[in-house]
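262 is the number of the first residue of the sequence shown in the working numbering; add one for each residue after it.
In case anyone wonders, no lab produced these hints; they're calculated from the structure.
Do not take every clue at face value.
[What the hints assert, rightly or not] Quick list of in silico lysine to any residue cross-link-like pairs, SDA-like style, CA-CA up to 25 Å:
#	residue 1	residue 2
1	K281	L292
2	K281	K291
3	K265	P275
4	K271	T284
5	K265	E277
6	K291	L273
7	K281	L270
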Amino acid sequence: NFAKRLKTLKGLTPYEYICKIWTQQPDRFKLDPTHHMPGLNS
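The task is simple: from the sequences and hints, build the whole structure.
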């Protein structure tokens, strides 16, 4: 993964940060955010 790690997200990539918050606070999201991330075939 070549995504840039951001200082404001404590060294996490935006994808890693969203996944971390989703597991800790799933009530903040209406849908599973991992289904809306671009993948290999996009």
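Okay, the hints, checked on the actual structure:
1. K281 with L292: Measuring from Cα to Cα gives roughly 15 Å; hence the hint holds.
2. K281 with K291: Within the cut-off at roughly 16 Å; holds.
3. K265 with P275: Given pair K265, P275 holds - Cα atoms ~8 Å apart, limit 25 Å.
4. K271 with T284: It holds: about 17 Å lies between the C-alpha atoms, which stays within 25 Å.
5. K265 with E277: Holds, at roughly 11 Å.
6. K291 with L273: 23 Å, holds
7. K281 with L270: With a Cα-Cα distance of about 11 Å, the restraint between K281 and L270 holds, given a limit of 25 Å.
Every hint, counting from the list given before, is met by this structure.
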